[in-house]
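Guided by the hints, dock chain B onto chain A, whose structure is given.
There are 2 protein chains.
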Amino acid sequence: MSRQNTHSLAAHRHQIRFCTQCGGAIRRQPPPGDGRDRAVCSVCGAIQYENPKLVVGCIPTWEDKVLLCRRAIEPRYGYWTLPAGFMENGESTADGAARETAEEAGARVHDLRPFALIDVPYVHQTHLYFTARLTDLDYTPGEESLEARLFAEADIPWDDLSFRTVILTLKHFFADRARGSFGFHHDTLAYPPRP
Amino acid sequence: MSRQNTHSLAAHRHQIRFCTQCGGAIRRQPPPGDGRDRAVCSVCGAIQYENPKLVVGCIPTWEDKVLLCRRAIEPRYGYWTLPAGFMENGESTADGAARETAEEAGARVHDLRPFALIDVPYVHQTHLYFTARLTDLDYTPGEESLEARLFAEADIPWDDLSFRTVILTLKHFFADRARGSFGFHHDTLAYPPRP
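As you go down the protein sequences, you meet chains A and B in turn. Residue numbers for the first sequence follow numbering that gives the first Met the number 0, so the first one is 0 and each next one is one higher. Residue numbers for the second sequence follow numbering that gives the first Met the number 0, so the first one is 0 and each next one is one higher.
Fair warning: there could be bad hints in the mix.
[Said to hold, decoys possible] So the derived list for chain B, only partly shown, Cβ under 7 Å to chain A, looks like this: (1) Glu49; (2) Pro51; (3) Phe85; (4) His185; (5) Thr187.
[As the list claims (entries may be wrong)] Now the stretches of chain A that chain B is said to cover, found in silico as 3 or more residues with beta-carbon under 8 Å: (6) 49-57; (7) 82-88; (8) 145-153.
Keep in mind that the hints were calculated from the coordinates and are not lab data. For glycine and all other residues, C-beta sits at the position ideal for the given N, C-alpha and C.
Just chain A, with the same shape it has in the complex (with noise of 0.2 Å):
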C-alpha cells in the first residue's frame, strides 16, 4: 500500500469536526435538497463531501510466476500482498497501478489491463487489480515492504495473504489462466470480513 496509507488508513475514516473552508464547526445534517446526512458547515454552509477510494494495484507477472511483497508496515505486517494503494489526484488508474508497483516492489511493469474490480463498501473502498507483465527482474522491495518475490502458482503461500481483495484477485487470475481466457471480473464484498 502507499505512504498515504502507512501513516493512516485511519486518516481516511477521520470524522470531519471543522470546515476546510472557514474552521467553523461541523454538524451532521441534510444540506437542502439533499436527503443524505453531510458533513456540513454551521457558520459559512459548505459542504464537506466524503466518497469511497479507489485502490489500484496490479498483479505483475514474469513468466509463469506472480511477483508478491511481504508487508512492512500495519495492517498485516508480515504477510504477502500484490502492490497495490490509495490512487493519487492526477493520474489515471493504470498509472497508480504502476506507481504503486515501483514504490512497493521496486518494479517496473507495462501491458496493465483491468483485470478485476472489488467493491469492498464496508470499508468506503473499491479495488482495482491490473494483470501487467513485469518489464525486467531488476525488482527490490520499497520500505514499505519487507520482502518482494516471484511465487509459481503452487507456491503462493494462501494462508498468509494480506487482504480478501487480494485473494480473491489471485484466485481470478490462476482460474483464468488455467481456462487460456482472462476475462473482467466483478466482486462486491459483504461485511463482515473474515475474521
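This is chain B only, laid out in the frame that chain A set:
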C-alpha cells in the same frame, strides 16, 4: 448527476484551508516520509488526503433502445446524458449506478454489468458505466432532469450529449452491440477536453 453534483462540482475542488480535526491552518508540504505535497495541519499535524472520485452510471436499455436524461442542472444544462453521479460511501459501484438511475431517470434497472472504465485525471475522476436492463417502462425524469427518453441508435442526439465520457461509452456500446459481443473497455481521457 447526483445531488452532490448539483450543489457543487465546485465543492469537490475546494482547496483545503483548515484542518477537519482541529480547525487549525493548513500548510501544503510533504509529510514525513512522503514525497508528495499534502494538506498538513500546522497545529495538530493531521494530514487531509485528497483522492480521485468515482462517478458511476448506467446504460439502461429496453429492447433496442437506450434511456437518456436531459440535464436540468449545470454544467451542460439541456444536454442529454446517461444517468450517473458520484458514488456514495457505504455503497457498491453497481448500487451507486442503480441509485443514480433511479434519481435521475426514475427508472429501475437490473442485470448490471461493468462495461466502460474511463479515467479523467485532469478532474481527478474515474467514471464507471454498467450496461443494465430497464425493469419496466415507468421511468420519469428526476429533479435534476428535464426529460427522460428512450432512443434508438439512429436517433441518439450525438451533437447534444453532455460529456466526453458519455459519448465514448455510447460509442463502445453500439460498436459492441453491432459485433454481437459486449466487452469491457478502458480509456483515459487526456487533457484538455474538446471545446
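The hints, checked one at a time:
About 6 Å separates the beta-carbon of B/Glu49 from the nearest beta-carbon of chain A, less than 7 Å, and the hint is met. Hint on B/Pro51 holds. Least Cβ distance to chain A is approximately 5 Å, under the 7 Å limit. Interface hint status for B/Phe85: upheld, as the beta-carbon distance to the closest one in chain A is roughly 6 Å, under 7 Å. This hint holds: B/His185 has a C-beta 5 Å from the nearest C-beta of chain A, less than the 7 Å allowed.
Here the hint on B/Thr187 is kept, as its CB sits about 4 Å from the closest CB of chain A, short of 7 Å. Check on the segment 49-57 of chain A: 5 of its residues sit with their Cβ under 8 Å from a Cβ of chain B, so the three-residue criterion for coverage holds. Only residues whose beta carbon comes within less than 8 Å of a beta carbon in chain B count, and the segment 82-88 of chain A has 4; three or more means the coverage holds. Coverage of the segment 145-153 of chain A by chain B is violated in this model, with 0 residues showing a Cβ closer than 8 Å to a Cβ of that chain against a need of three.
Consistency note: the structure conflicts with earlier hint 8 alone.
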